[in-house]
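**Q** The primary structure of each chain is shown beneath.
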Amino acid sequence: MSPLARAASLAEVAVGVLDGGRRWLWRHAARTDLGRTCARDRSTRILALGLGHILVAFTVVGLVPLWLLLLSPLVLGVPHVVADVRYLVIRGPSLRPETLVALVVPLAAMTGLSVMEVMGGPSYPNVDVALGFAAIALAVSLAPASGRRRACVLAGVVALAVPAILAPYVAMMVLLHGHNVIAMVIWLCWTRRTVRLAHRIAILFAAIVATAALLAGVLDGIAWAGGPDFDLAPALAPGLDPVMANRLVLVYAFLQALHYVIWLRLIPSTQSQTPAASTFRRSLASLRADFGAVALAAIVVVALAVPTLACVYEPARVRDLYLSVALFHGWLELAVIGYLVVTRQRLGEPAA
Amino acid sequence: MTRVLLILVVVTSVAGADVPSPEEEACQGKAIGASCEGGACAMTKCSRSRPGPDGTLVNNEWDCMRCVTGASGAGDSIDGGEPSPIRIALGIGVAVLVLAGGIWLARRKLLT
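Residue numbers (my numbering), protein chains in the order written: chain A, 38 to 389; chain B, 87 to 198.
Rather than coming from a laboratory, the hints here were simulated on the basis of the structure.
Hints may be right or wrong, so weigh each one.
[To be verified] Here are a few chain B residues that face chain A, going by a calculated C-beta distance under 10 Å:
| # | residue |
| --- | --- |
| 1 | Met129 |
| 2 | Cys132 |
| 3 | Ile172 |
Glycine included, every Cβ here is placed at the ideal spot set by N, Cα and C.
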């Protein structure tokens with residue numbers, strides 16, 4: 038038996054166990070009115086999923102914010118980048134292959150520079166930002182749309198790019214915090230209309246209320262009690278007074294958790310072709326259909342390698358290395374948004 | 087199982103210790119003004135807010151040396167170290183991998 042076949046049979050067993058647990062949960066949930074409605078109606082199910090995850094994220098931020106900041110990229114980072122590529126590229130808009138390759142060129146150069154930097158090499162922040170905007174500009178310029186529409190969007194991109202390249206640290210700080218919100222924006226504006234507007238607004242409202250509560254200091258007294266004892270405020274909120282800076286770190290931890298939830302749960306459920314809740318077996322088969330067996334095996338290896346490396350090496354360094362390699366996906370999201378704006382497409386649907 | 091528990095204990099004890107921030111860590115063993123990733127090492131005030139006995143946040147400050155972003159940013163490049171052949175090879179290798187991934191995705195999109 039080849040290693041790939043052995044891994045596949047192991048995955049089959051694991052998926053069988055997970056689906057057994059899932060069936061057990063649904064059997065118990067179906068005894069309640071809400072559970073039956075969730076089983077029947079995708080929109081209500083996604084609403085419950087979104088609100089439940091927001092509650093969990095808020096609670097974890099209150100209890101162990103720094104653990105959340107340290108561990109969530111290590112465990113969920115690779116799967117969420119895979120989901121990002123899957124829903125924005127493979128199942129994304131009708132990008133022509135040459136357009137995709139063209140916008141990957143600056144992103145690849147940026148990733149190379151970023152890895153050199155994190156390994157202790159020189160840093161070129163304005164080149165990083167310029168390459169990111171180059172990817173957006175290429176996606177917009179090569180999009181099949183009227184010249185006038187392309188020119189308008191391109192003018193907007195250039196208007197943002199010039200000050201960003203001149204003040205790259207400010208731009209990176211905006212991207213750092215804004216990146217967590219972009220997932221919500223993509224889910225709200227550019228996914229299929231399988232979730233009712235009222236339910237989308239309810240999830241958005243809950244996220245805004247939780248963020249406002251964190252900024253108002255609701256968790257000041259209880260957060261920071263446990264977890265690794267280092268201070269992320271200078272990196273995430275430089276120049277702010279300590280109390281406000283710490284609150285902003287909590288907001289970052291919460292929104293980062295939420296953006297993982299959106300990429301790994303809300304967008305897959307919203308974009309699924311079948312309205313019924315998917316089994317783990319079906320999800321795995323769908324992932325395999327999208328990436329192919331070999332790429333899926335490589336994804337599993339990398340997804341397991343990152344947390345394993347963090348266990349045997351320094352967790353913070355592995356996290357830094359992961360973030361430097363994954364930097365490209367933030368700009369990929371912006372490039373695809375640019376393309377969607379120009380072509381008036383929605384993810385998973387043909388152009389209007 | 088024992089090994090897994092051991093790894094968990096090691097990880098939690100390492101991460102739960104008084105770990106310096108990444109900015110402080112970047113300047114460990116360096117002189118004031120030495121270049122670091124994204125800036126230069128400088129003496130500043132480090133601070134940390136934690137809940138006090140009455141539940142309100144108490145801010146502690148102390149002198150520390152850490153990497154101040156953009157401190158030496160006069161030119162386009164901030165020297166965080168020599169661009170050694172290994173670093174260059176690693177950077178190019180990762181860039182080629184990302185590019186290869188993009189070409190693979192483009193081919194896959196073309197086929198589906």
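**Q** Run every hint past the structure and note whether it holds.
**A** These are the hints, each one checked on the structure:
1. The restraint placing Met129 (chain B) at the interface with chain A is violated, with a minimum CB-CB distance near 14 Å, outside the 10 Å limit.
2. Annotation: Cys132 (chain B) was flagged as interfacial toward chain A, and the flag holds, the nearest CB pair being 7 Å apart, inside 10 Å.
3. For Ile172 (chain B), the suggested interface contact is upheld, since its CB lies about 8 Å from the closest CB of chain A, less than 10 Å.
Going down the numbered hints, you'll see the structure goes against just number 1.
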